[in-house]
Amino acid sequence: MKIHEADAKSLLVAQGLPVPAWEVARTPSQARAAAVRFLADPGNATGKVVIKAQVLVGGRGKAGGVKLAANADEAEDVAAQILALEIKGLPVRRVLVGPAAEIVKEYYLSVLLDRATKRLMFIGSAEGGVEIEQVAVDNPGAIVYQHTDPLLGMPDYAARELAFKIGFGAHWKAGAAIAKGLLKTMLAYDADLVEINPLAVIREHNADGTPVERLVCLDAKITLDDSALPRHPQLEEFRDMDAEDPTDVEARRYDLTFIKLEGDIGCMVNGAGLAMTTMDLVNRAGGQPANFLDIGGGAKSDRVAAAMRLILEDPNVKAILVNIFGGITRGDEVAKGLIEARAQQVRDVPMVVRIVGTNAAEAAELLEAARFVTAASLDEAAAKAVAAAKGAAA
Amino acid sequence: MSILIGRDTRLVVQGITGREGEFHSRAMLEYGTPLVAGVTPGKGGRMALDGKVPVFNTVADAVRETGANTSCIFVPAGGAPDAVLESVAAGIRTIFCITEGIPALDMIPVVEEVRLAGARLIGPNCPGATSPGSAKVGFIPGSIPREGRVGVVSRSGTLTYEAVQAMTDAGLGQSTCVGIGGDPVIGTQHIDVLKLFAEDPDTEALVLIGEIGGTAEEEAAAWAAVHMADVPRVAFIAGRTAPEGKRMGHAGAIISGGKGTAASKVTALEAAGFRVAGSPTELPALLREAGYRG
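Chain order of the listed sequences is A and B. Residue 462 in this note's numbering is what sits at position 324 of the first sequence, and the numbering runs on without skipping anything. Residue 64 in this note's numbering is what sits at position 62 of the second sequence, and the numbering runs on without skipping anything.
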């Protein structure tokens, strides 16, 4: 699960990491009030505030979702503009307001799960503030990689090594402490990724007006391991319903994995690998899948019926392909669910069903009695579904 | 012969009295798997599966009393990492973890402990393995595989069935079918299974089933090109039409930053001498084209 920058920053602060102050505003007037407070702060070196859209997509800046303001009126106007935006299809419902930093130097630092080594890995660079993928292409030597120990985590010496390799200069102690803090954050909340870009040296003013520099987390991106969410119920409040298709919410309730795609052939499959294969074969037969849908192992008839409702909610769907290879899942349970679902179906969409494996014979009997179109092989099922969708379109 | 499991297997099932554990243990026993013990803490001294299998409180007890050398874990996600550690501590050297939904960070130290102990972990979130004719561990339906000499390795469950069924239908039996699991942190990768098949005198051909995400298939392919150069080999990669940045059910199956695409995997496999099928049903014909006469 992805979470917003402001929420990610609150987790960093809870783990003791240095993050400049911010407030979250839902209305232009709230943004104005926050801006007034930050503009009055004598430590604010630029005398400006930054207003950032809180949406779960990249490229906020390019889309006009990040802007500066020099006074309260401007802050209110800018916040109103940003709150009216829709970025990559997502409405902006909240903005983050904070002091506009005087940036001396930008770094990149993240910790993530590295599948290949089965360990956690830090990625750091003195070229921050730009997309790290672009740095990897343009200047791969500027990126530092360092794994953590699977049993010990990150001892102090390893954090120091990382800080010196990245090149934090006079700020190496802060850099090492931040690295350890990111790892602590990752472990505390079961994150897949904790990414700070930029991690920046900023200039602020002391009470007496003298400038002071410090290393801080200016931006924050955290994604959480869905498998671990049950043991962090407090993190559920960070879930952004806007970023999820309403069908995702419905799918989660029935323990289905559903991803909407652009095509017109609805797919219902058991198992993620087979579900991807089914999509591939629909494509190969000249059609386009409307979704990825894994009903999981051991699905009973009610889950099958829920899956069918989800598929039919998509008005683009012109045909449905059901592909079940029963192992844990019993074919006759799926057949019963399909028959039940079709009885409730409001829209007449042709359906091609292939059920093999456990209790396939019982399933075949049920489906035959109910006059379903069936197929023996996956290739045949894909071809029939594509033909049915084209027939429906004609 | 076979890999991982076979006639010498003496299996202990952790979580044998749970709903899933009992159901699949029964199927394993019916298949003829030497299932010698079960473990459920607090139920030691009872018998499971209609009096056929003794239940112990700890894996150590099961090993001492029955000589168990292989374990299969059906413990829920919260306790499964600990169940793996218990197997390791009891001296089990081949551990199958079937459980799905284990947080990835929990598995990192566990996988390391397994490695340090010199044991082998298959999974988590895997369907297990079947060596047709001698043993099945996990839940691959017993009706699908047939005895033979083709080694099959795959990440997923039902897609494995699909591939194995296609082989069986074409008269190509298998030495061992292994499902390594779809999680991001798993104990055994494709390449590790290939190393075992390469050492197995009775495996004469190879079917590799992969999916988008990561680079495990590419690494396995490169190894096979060098060490299994004369073994007929075919592959199938799922997820050619998966959109970038979407996690397709398996936590591992995500294309990010243009890496882990089906196209890059197919290219690597073909360069390594694999014939890559467009559908699982084409695998047997491609294997024969590659020179396999089994």
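Among the clues, some could well be false.
[To be verified] Taking lysine-lysine and the BS3-like style, the derived pairs with C-alpha atoms no more than 30 angstroms apart in a straight line are: (1) A:K398 - B:K248; (2) A:K359 - A:K456; (3) B:K248 - A:K528; (4) A:K200 - B:K197; (5) B:K45 - A:K322.
[What the hints assert, rightly or not] Output of the computed footprint for chain A on chain B, the stretches with three or more beta carbons under 8 angstroms from beta carbons of chain A: (6) 3–15; (7) 89–97.
Just so you know, these hints were derived from the structure itself, not from any lab. C-beta: ideal position from N, C-alpha, C; glycine also.
Hints versus structure:
1. A:K398 - B:K248: 10 angstroms, holds
2. A:K359 - A:K456: 39 angstroms, violated
3. B:K248 - A:K528: 27 angstroms, holds
4. A:K200 - B:K197: With a Cα-Cα distance of about 49 angstroms, the restraint between A:K200 and B:K197 is violated, given a limit of 30 angstroms.
5. B:K45 - A:K322: 38 angstroms, violated
6. 3–15: Violated: only 0 residues of the segment 3–15 of chain B have a Cβ under 8 angstroms from chain A.
7. 89–97: violated (count 0)
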